[in-house]
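Using the sequences and the hints, build the whole thing.
There are 2 protein chains.
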Amino acid sequence: MPTKPLPSDLEIARAAKLLPIEEVAARAGIDARFVEPYGRDVAKVQLEVIDELAERPAAKYVVITALTPTPLGEGKTTTAVGLAQGLEKLGKRSMLALRQPSLGPTFGVKGGAAGGGYSQVVPMERLNLHLTGDFHAITAAHDLLAAMIDNHLHHGNDLGIDPWSVSWRRVVDINDRALRNVIVGLGAKLDGPPRQTGFDITAASEVGVILALATDLIDLRARLGRIVIGYTFDGRPVTAEDLKAAGAMAVIMKEAIKPNMMQTTENSPALIHAGPFGNIATGNSSVIADRVGSKTSEYLLTEAGFGADMGAERFFNVKCRVSGLRPDAAVLVTTVRALKTHSGRYKVVAGKPLPEPMLAENADDVLAGADNLRKHIDIVRSFGVQPVVAINVFPTDFASEHEVIRQIAEQAGARCALTTHVVDGGDGAKELARVLVEACHDETDFRFTYDDGDTLEEKIRKVATGVYGADGIELSPQARKELAHFEELRYGHLPVVIAKTHLSISHDPLLRGAPTGWTLPVREVRLAAGAGYVYAICGEMRTMPGLGKHPAAERIDLDENGEVVGLF
Amino acid sequence: MPTKPLPSDLEIARAAKLLPIEEVAARAGIDARFVEPYGRDVAKVQLEVIDELAERPAAKYVVITALTPTPLGEGKTTTAVGLAQGLEKLGKRSMLALRQPSLGPTFGVKGGAAGGGYSQVVPMERLNLHLTGDFHAITAAHDLLAAMIDNHLHHGNDLGIDPWSVSWRRVVDINDRALRNVIVGLGAKLDGPPRQTGFDITAASEVGVILALATDLIDLRARLGRIVIGYTFDGRPVTAEDLKAAGAMAVIMKEAIKPNMMQTTENSPALIHAGPFGNIATGNSSVIADRVGSKTSEYLLTEAGFGADMGAERFFNVKCRVSGLRPDAAVLVTTVRALKTHSGRYKVVAGKPLPEPMLAENADDVLAGADNLRKHIDIVRSFGVQPVVAINVFPTDFASEHEVIRQIAEQAGARCALTTHVVDGGDGAKELARVLVEACHDETDFRFTYDDGDTLEEKIRKVATGVYGADGIELSPQARKELAHFEELRYGHLPVVIAKTHLSISHDPLLRGAPTGWTLPVREVRLAAGAGYVYAICGEMRTMPGLGKHPAAERIDLDENGEVVGLF
Chain A
1188 MPTKPLPSDL EIARAAKLLP IEEVAARAGI DARFVEPYGR DVAKVQLEVI
1238 DELAERPAAK YVVITALTPT PLGEGKTTTA VGLAQGLEKL GKRSMLALRQ
1288 PSLGPTFGVK GGAAGGGYSQ VVPMERLNLH LTGDFHAITA AHDLLAAMID
1338 NHLHHGNDLG IDPWSVSWRR VVDINDRALR NVIVGLGAKL DGPPRQTGFD
1388 ITAASEVGVI LALATDLIDL RARLGRIVIG YTFDGRPVTA EDLKAAGAMA
1438 VIMKEAIKPN MMQTTENSPA LIHAGPFGNI ATGNSSVIAD RVGSKTSEYL
1488 LTEAGFGADM GAERFFNVKC RVSGLRPDAA VLVTTVRALK THSGRYKVVA
1538 GKPLPEPMLA ENADDVLAGA DNLRKHIDIV RSFGVQPVVA INVFPTDFAS
1588 EHEVIRQIAE QAGARCALTT HVVDGGDGAK ELARVLVEAC HDETDFRFTY
1638 DDGDTLEEKI RKVATGVYGA DGIELSPQAR KELAHFEELR YGHLPVVIAK
1688 THLSISHDPL LRGAPTGWTL PVREVRLAAG AGYVYAICGE MRTMPGLGKH
1738 PAAERIDLDE NGEVVGLF
Chain B
1188 MPTKPLPSDL EIARAAKLLP IEEVAARAGI DARFVEPYGR DVAKVQLEVI
1238 DELAERPAAK YVVITALTPT PLGEGKTTTA VGLAQGLEKL GKRSMLALRQ
1288 PSLGPTFGVK GGAAGGGYSQ VVPMERLNLH LTGDFHAITA AHDLLAAMID
1338 NHLHHGNDLG IDPWSVSWRR VVDINDRALR NVIVGLGAKL DGPPRQTGFD
1388 ITAASEVGVI LALATDLIDL RARLGRIVIG YTFDGRPVTA EDLKAAGAMA
1438 VIMKEAIKPN MMQTTENSPA LIHAGPFGNI ATGNSSVIAD RVGSKTSEYL
1488 LTEAGFGADM GAERFFNVKC RVSGLRPDAA VLVTTVRALK THSGRYKVVA
1538 GKPLPEPMLA ENADDVLAGA DNLRKHIDIV RSFGVQPVVA INVFPTDFAS
1588 EHEVIRQIAE QAGARCALTT HVVDGGDGAK ELARVLVEAC HDETDFRFTY
1638 DDGDTLEEKI RKVATGVYGA DGIELSPQAR KELAHFEELR YGHLPVVIAK
1688 THLSISHDPL LRGAPTGWTL PVREVRLAAG AGYVYAICGE MRTMPGLGKH
1738 PAAERIDLDE NGEVVGLF
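Chains A and B supply the protein sequences, listed in that same order. Sequential numbering of the first sequence, starting at 1188, is according to the numbering used here. Sequential numbering of the second sequence, starting at 1188, is according to the numbering used here.
Copies of the same chain are indistinguishable here, so a pair counts whether it falls within one copy or spans any two.
With a straight-line Cα cutoff of 25 Å, these simulated BS3-like cross-link-like pairs (lysine-lysine) come out: (1) 1539 / 1736; (2) 1736 / 1431; (3) 1204 / 1279; (4) 1376 / 1736; (5) 1204 / 1441; (6) 1539 / 1431; (7) 1431 / 1441; (8) 1534 / 1736; (9) 1204 / 1276; (10) 1376 / 1431.
If you are wondering where the hints come from, they were derived from the structure by calculation, not from laboratory data.
Now the structure itself:
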């Protein structure tokens, strides 16, 4: 492919002409009285706007997902941003609903998360650092509950909490490996009692998932109260309500519940809200942002973490179940490099460049990885939703390789379009936008993978077989016991989240393409009663990243003008 | 005293008619282009305004301090707020510079900290919860450094840091007794190495003191770099700069450096910024807020923690040394109940009502506590600053008791005025405002207690004898060794902070009034190289509060309209 020299993300972001954020909101039909500016270029949107706009027609609702990604990511965020801009170029009013990036990892390996090239959310410093403080509120609310648990144990343990059963850890929004396993409560009697516990990163907090799934402030308050932190000595669940912590937690979260409005490099509106982990949690932005977005656009685009087996499955089965909103289409972001990786012929490592031979023109490699894309198209179809394959073009691609992807997609009955939004902004995504508009006019027949009334075990099995294509599931004795316990405690009606690797449709990161003839092993099952789901652990789940030997933090600084350098 | 029924603080705050925050700023002469709204009713002020207004005359600069407080506090914040409003009633332009309250203690015993009655900073929910996130930024910057220390040890310890020497702990803005002493780094090799450490509350963070003492962003960056986290095996100090953490920390603090503008119940402007502990740190709001305030008012009022021996001493000797600003007067907030307590005839306990007999009319009790007030007047005088005694009137006071205080003050050569700002707002503080204006026209002869060139030991001795009235100091062998070490490392030029009880002018909380014939025992000495001082520990210093058996958090909640209840 011909390439044109592209300025750095930072240069493009700084060169972007931002509109006053009130004007961005006004264009989306949000009256200034619902807009609370938070610094220049960011605003919170008050939830009262939802009632105000209740009579408006709902937007077409589109989830941006992907095939199984390489460790480098396939550009879902840039595609979502580019597509929103592309829709605007066609005269359609778009709204983005994206997750807020976690602050901690910004100082680890990953740098910023704001899209890229001419398809970014700006200002990137605001997005990647504190934004309006929602993650800090999650941290404070989460850790207040933790403090109240240990304080309750200290002051005589009236509730009879079994300290060994306490599963509520603490959180910080920093990559801090040393906090994964700690003993707290050492010192003197007034500083205790001692107890082994640990810290996760804030994105793994159940409070953050509650923010993502709450439908309004009353629902947020109720969900916080339902959080189960452990059990009494006689086996009864202990909730945040029992500890009288939920009210204070809701007060801490009072502002965080309002979604944050930003804009793209081409001034398309974006709602940035919540950012729960994609592995153990839902990996989607908030229900509330979607409720606002649905009434303030013609096309609401929301991104779901990892591949369609991960974020999109949870988006459909968990988030749409809670919100009542029904999707019209799913965009499957696809890259030449991902399909080449799924051929099984190359090894791609995060933070390292692609192997040189992968950059040669090789349509056969792409074809060899086709099963993965076909399977993701089928996954989207299993929900009765229209798939649109977006080929996210990289400068190292060849037209012959794109053509193979197009054939795979069309043979599988999916629409397909190239997109060059990173280099060309919204203009580069116009074709994709046209195809998406077309897809959104098709009939949909949305359906969940399982019913509320299915047992938890049935739900896990239906996702494993009906979505992933496993032959079945295998429960460890512990998992079996936990499932029985949760059913007995009347949590059986909850939906499920399967915590597994995102690097394969199976639980095994080494199984490429569309694995068949395998069984999903469930090691343990955990309860997120406040968020409102049960999650099955099928592999090592990392909930607190570490820093590398030379983390990004070492390069991040202010220059002599006080501008941020090294963040991107 | 006759009393009139007073609505609750919350009712008064909610009934207050707030002006648009841009208008509050405009009245102070701050152009809209320097004002960044953060939600309704709060804004950050850009530091560029300082250069813009460089030609303006400096305001009269007034510190609000107190005699030795009872555990209930004597109303310094309400007096500062009331006095600002009183000055406005006289047609003077006032500016308040107050500390941001810490979020954690709001959920402990103390409830909100926003003044009271008709002298409050509003909206109190914003002030007492996240405000604009500055404390969260302090927490994140502080804990990023902590993570980078343990990460450095994990990745081979190239700098040769002696793990046992690491004094940099972590912080959270939650009262969490169980975090005072912890072991981190347990688990597997990738989660370590194990190390004993602990957490303080965010208000105790050196990063927060740096925010309070930095003169601009460049200075903030430099101070962060100078933080000493411990020593190498061969005894060299290890700084945040050595760990390449200071740049990232400065980036995290980039917005926090801008002071926050709010208003009082009568629409006087207030800059709320930084909130370092009053025991081990400076207990004043920021130099930057004072730099802004000095150019945007005729009277800049700033509050200093605890009595004049504590916050005011540090305000004069540390903060004014750094800022170059020179005070014109000090308001000594005095109450009948405090002088009665200093008689030694009653025992006052935090969180409990006053002993019944203390409420009877008894001018003799007041007189018996006079020594404490006289000593604080002397302390203020020792800096060459005009003292103004403000009698903060309570409904349980008697006129005869006020008269005694007035006589004590005037005999000691101080001006004096009653103030009823809690009940009457600015009108109640007009007399005090008049007296203050008069005092500010007197000649001042400001002087420090010690010179930069004095040794650290001499500095401690000069504060102990020249300010507190001790006979001398007694250094423990450890303290002696540490002082020698800091001198050797060339930190001898730094000012000192004496970390001692605030309940006595001495180190012993049981010594009431104006103790004589005592020696200040210095147990150990610590270095805050980034903040830029050395602090001498003279007693148990609590840097992480706990929660009571029934903390305020249990009563704090949202009502059915989503309004906060129980916070005040």
